[in-house]
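Enquirer: Listed below, chain by chain, are the residues.
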Amino acid sequence: MVSAAPVVTLKHLSKTFRQKGEPVQAVNSVTLKLNEGSFTALVGHSGCGKTTLLRLIAGLESPDEGSVDIHPAGAFPALVFQDPRLLPWLTVQKNLRAALRHRHDLAASKAERERLIDESLTLVGLESRKKAWPHELSGGMAQRAGLARALCQTSGFMLLDEPFSALDAITRERLQKEMKIIWNTTKSTTLFVTHDISEALYLSQRVLVMKDGRIAGDLHRKEWSGMASPEDYIKGIMDSPA
Amino acid sequence: MKRLPYPGRFAIAAAVPVILVLLWHAASAFEWVHPYLLPSPLKVARTAADLIQSGALPRHLGVSFLRIAGGFSITLLAALPLSFLIHALPGVKLLLKAPLEFLRSVPPLAAIPLLILWFGIGEASKTAVIVMASFFPVFLSLLGGLNNVDEKWRELARSLRFNHMEYIRFVLFPSAFPAFLTGIQLGVSYCWRALMGAEMIAAASGVGYLILDSQEMGRIDRVFVGIFTLGVCGIILDRLLLKLFNALVPWKDLEEDQKW
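Protein sequence lines correspond, in order, to chains A and B. Numbering-wise (this note's numbering), the first sequence opens with residue 2 and increments by one. Numbering-wise (this note's numbering), the second sequence opens with residue 350 and increments by one.
Same shape as in the complex, but just chain B:
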């Protein structure tokens, strides 16, 4: 299909969001929906500006980012060695497959009551929710990358008489690297989605807290600001990671793989 020139593509891409905002404005202005439930876009924008100006939104955002950074670091520390161990030692896979499959099937939100009992209502239980949400995308992507080294590279390694360490260095790691980066990207986006659940646990700050607290206070405009913050930051984070990771793997276009 012929690619449209940039202004045309931009107009098409912006059409649905613009129509939705206009509809939202109309619904609010003509009170198709009660203004308490659906504040106008202008009111939400004004509230966002106030929250930014007062420093509340950046502070909540900063806390949420720190939580994600902490939880995701633990995810990396657990998923990296475990995926290598399972790849290298079939016995470990056999041993851990059933419990891991079970854990994968448990939604992190379902575990919140237990996490509160075990870790209390402090940061540990919030971190645990983030770890539960992000562990499997990273672990499974990396394991998939390690397990799916193309036969032609294995054959090349044999023809070049690579020993085990050379195979790991020249073939296995670099071959699995793009999958690992995709796993990180996916994992971070899962963290971001799990943030709401994590910050439901007696939080006093964070974007998830901002949303829940605003709901309790009947400030639906602030709920909207929180939701938009999550959506926009999620997109920006995802794009930034993709650009960064693409620069790390010049031999592969990760963006191309994720186009839809």
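So here's chain A without its partners, still in its complex pose:
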């Protein structure tokens, strides 16, 4: 049962970029809440603003208008990028250690931190590769290591920006299954950006459809589970005229 307490509250969030001198509104007055322990997918065509929205929540961009409130105050989300983004000069284990430096909720004991690192690596099936350098890992393994870093970095809130989009179909499918198992184990509040509707429907409890910088659709699993083809329904929202 998902708790109703919101971990993230966005209020009238807007962001405009300038492209070749012209303003482009990437995010247009988005208001939404992500509840604790929920897995939400954010889908939309390329350029619809989903990555910008994620970056605004992650604090990598500042909004022009509106606000991002994360509960508890001072907490910050763990971010999984499209690429694994492991620091190439650190082994997998040291990458995770570096990410743990701001887990102030953990006791300062080294043993506890190491335990968390081992647990996270075990969750993603990389416990035997913790001493490996990032360049020694396959694409799928590196992305798993990035996921492990996010798992030990956060006390319960993760943002994932199309983390499996650069992987081959077989690895992607395997990681989707593993992601589901991981979320069932951790119940982290998760916002998962993807352009793959079936991936969104497979992984999440809630799908937000983004179009032209706005949330154009908001579906919960119980709503789409009764539909004959939720993919077509979501695609219809994405392709509907502005």
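Some hints here could point you the wrong way.
Reference listing, derived: stretches of chain B covered by chain A, where coverage requires no fewer than 3 residues with Cβ under 8 Å from a Cβ of chain A [what the hints assert, rightly or not]:
| no. | region |
| --- | --- |
| 1 | 499-509 |
| 2 | 518-528 |
| 3 | 592-606 |
Source of the hints: derived by calculation from the structure; they are not laboratory data. Glycine included, every Cβ here is placed at the ideal spot set by N, Cα and C.
Fit chain B to the given chain A structure using the hints.
Expert: Using the frame of chain A, we list chain B on its own:
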């Protein structure tokens, strides 16, 4: 392109040097060039063996290495803090950019008369030439490494909420490290090239001195030995540094970057 097997590659790589030595031998044997100006390869080899046996060549080489070590240490001591300062403080960059650009454009050899006047004809002026020759490759490589940290690492540091010290420790330094090592490698090779100029200044030892002294004494065979010593030692030093530095940065193949 398909890579040739080792013996084939070796044969191709050795072809030009072998042809050049044969041509050199022919030019000397048939006196296409006066033997005074072009002693035979055999004579040069015999002279090299004599210089090694008498201990003269190792002694000159040792002195030259010590000069390079001294000059290059000063280069490191100056270039390291200055590149960090300029990277961190835009005001310092603004202040020093014009004089540094000017100095970069001055060939170290052009400064020798002034260096002799200021530092005399002792070791200080020789060291100054080496410092002038090696400072900019090290300084500019390190500054380039510091200034060109990939945006994705900066973004990662922000997402991991690194503070300034953590950013320097986990991102800035390691990211700039390969460029710094390349700078050292380049700097050492520039030192080696500047040695000749440095040892033109009233030296009594060193490979540069050996070459100049031999020229004055009309011993062109010894001039050849000196030149070959500089070339061969330069290649060996460069390869050794590359191997050593490659072992220091297991995440990056420095050799791959320098292949041509």
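Enquirer: Could you tell me which of the numbered hints above are not met by this structure, giving the numbers in increasing order?
Expert: none
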